[in-house]
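Q: Chains as they are written, first to last, in my numbering: chain L, 21 to 298; chain R, -17 to 347.
Treat the hints with caution; some may be incorrect.
Straight-line C-alpha distance at most 30 Å; calculated DSS-like pairs for lysine-lysine [as the list claims (entries may be wrong)]:
hint : chain 1 : residue 1 : chain 2 : residue 2
1    : R       : K150      : R       : K160
2    : L       : K290      : R       : K160
3    : R       : K87       : R       : K113
4    : L       : K290      : R       : K87
5    : R       : K12       : R       : K160
6    : R       : K113      : R       : K86
Rather than coming from a laboratory, the hints here were simulated on the basis of the structure.
For reference, the chains in residue letters:
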Amino acid sequence: MPIVSRPDFLPGLPKWSRKTLFALALFGICFAFAFPVLWLILTSLRPESGVYYVHRGTEFTLASFAEVLTDDRIVSAFLNSALISTLATIFSLLVTVSSGYMLSRFTGPASRIWFGTIYVFRCIPYISWVLPLYFVTQSWGLYDTYTGLLLPHVAVHICFFSWLMKGFFDGIDPSMEYAAMIDGCTRWGAFIRVAIPSALPAISALAVLCWLFTWNEFLFALILTGNRVPMITVVMAQFVTEMGLRWNLMAATAVMALVPAFLVALFGQKYVIRGLRI
Amino acid sequence: MAAISLSKLNKHYGSLFHAVKDVDLEIADKEFVALVGPSGCGKSTTLRMIAGLEDITSGDIRIGNRVVNDLPPRDRDIAMVFQNYALYQHMSVYDNLAFGLRNKKTSEAEIKAAIDRAAGMLGLHELLARKPKQLSGGQQQRVALGRCIVRNPEVFLFDEPLSNLDAKLRAQMRIEIKRLHAAIPTTSVFVTHDQVEAMTLGDRVVIMRDGRVQQVGTPLQVYGKPANKFVAGFIGAPAMNFVNVTVRSDGVATTVEADGLKLTVSGADARALAAYHGKPVIMGARPEHLALGEGAPGASFDAHVEVVEQLGSEILLETKVGSHGITVARVPAETVIARGDRVRVSAQPGRLHFFDPETELPITG
Ligand SMILES: Nc1ncnc2c1ncn2[C@@H]1O[C@H](COP(=O)(O)OP(=O)(O)OP(=O)(O)O)[C@@H](O)[C@H]1O
Ligand SMILES: [Mg+2]
């Protein structure tokens, strides 16, 4: 049923005016979200001299994109971000799916201890992980390496998303797995062959969330990497230099960073919605 | 050959909850046993222990001549039908049926033959290519049955397989299961909370309450000779009427009396009640063993009609006798009767039940 026709939305007004008001409200909200993005795109298309007067000039150029795309550091930052996001997603899914399953189906001490552990870690503010992680990666020689960034990301995913996965599995009736165990599967086999396939929409949703989380992440990337492993979010911030602000380049990079995120979100949307429903 | 034997079977959940208590049960090869009882009495837990889905706290389970206590479900050679069908949602009906056989590394040709046979028995041929989501509840349950029979196991276990179906379909599936058991005689344990299902399907019926077995017997035995007041009230629909009465004897006849009610009991009952003169007992009278009209001398009483339930084939009467509610069944449908009428009700002599108010055990000679 469309939300528009819910009776409690401004009762007393005629139907057409209710609809109009509702549409206006929707439009307003969408605009509030879309406006910064539109502004960003506009900025990226303006020549350097026009960035402070984005709304006035009529001169447009792709020069900023060309400049950004020929900058090795930015290109490699893109590749790094894509690689780390993808690897982090794969590794964390491997753990998160089984850990969410365990939390959902088993109630023994092991499960409770694990539950407590990720609960505690989840309660620690995100920002207070960074400094200890910096020292640890330094002393293990992992600072500014793929591994040094990957491991903390996977850890964060596990703490944040195991819960989500537990929720998904709670929504799946376990008797299907019992049937599989009677039909000749081991407990583990029932998980792999029956539980995972039925949770696939949820797992896809989770993959999208994981990927976007790492792609957009700034804090870890800033502190745990230097010049060898530039990440796109960090590189973007570095257009703020002593020589001044390169708004147009920053905007062009940001627009390009939006594209994969947008695609992943667009492609994944149906899974996210379906996944969140089961 | 697969008899099932449960001995001193116990299940504790945590340290506090004792779900199944000292269950002893012998199920013969090819026998169909129905396990019935109110919600929460431990039927499913017992069944799941037989299946190996639940650990046993103590006791032994044998299937055939093996003690299976520590065998995982896949090694017990059983098949199970679940209340919510538990079909593999991501597989077609064909793959659902084939799943167990493929796990046993059966050749695809043999699998196809087995599925063909099962599909023929259950009318599944048109459904084989579909996914479970595209089936109605009844069709899903037939697929679940099919998934069991293709494997040709030693034992079938059913956990309330019909309770998600509507009344008409439930009656159909009941017949289908009965037919299936006749065609492929296999040891079966059928859990249900519906005593009609238990009575119609079971060669023998096991009645449980609070984790304990109350009685094991053929449908006729548990109906006719209930082991205690609980079984008497649980088996039979509408449920047995219970009235607290006092036993009196004038040396010639023995009567039981409550307010508004005085019945002379049969000779056998009189002998059984000899030790209870002047004492209270619980009288049980099945609604179908009461009738309108004057019966044998001393076997009738006056009742006040409170509710008339016209079923088309018969009338059910809810009446008041003194302060007791009494249900009368099998009143001919054409009887002209209305709320507020006073009627004469007679009990069939010799079909009354008497229970000790303390032990709730039947009082027999
Ligand atoms: N995993 C569990 N942990 C704790 N208690 C449980 C668990 N499973 C079942 N119980 C309890 O054990 C008792 C028996 O449960 P069981 O499922 O065997 O009942 P049932 O006879 O099948 O009832 P129903 O007709 O409602 O299915 C219930 O009181 C239930 O609350
Ligand atoms: Mg149950």
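Q: Look at each hint and say if it fits the structure.
A: Evaluated hints:
Taking the CA atoms of K150 of chain R and K160 of chain R, the gap is near 16 Å; set against the 30 Å cutoff, the hint holds. A distance of roughly 45 Å separates the Cα atoms of K290 of chain L and K160 of chain R; the hinted pair therefore is violated under the 30 Å criterion. For the hint linking K87 of chain R to K113 of chain R, the alpha-carbon distance of about 23 Å falls within 30 Å, and the restraint holds. Under the criterion of a C-alpha separation no larger than 30 Å, the hint pairing K290 of chain L with K87 of chain R is inconsistent with the structure, at around 37 Å.
As the CA atoms of K12 of chain R and K160 of chain R are separated by approximately 13 Å, the hinted pair is consistent with the 30 Å bound. Our distance criterion of 30 Å between C-alpha atoms is met by K113 of chain R and K86 of chain R, whose separation comes to about 23 Å.
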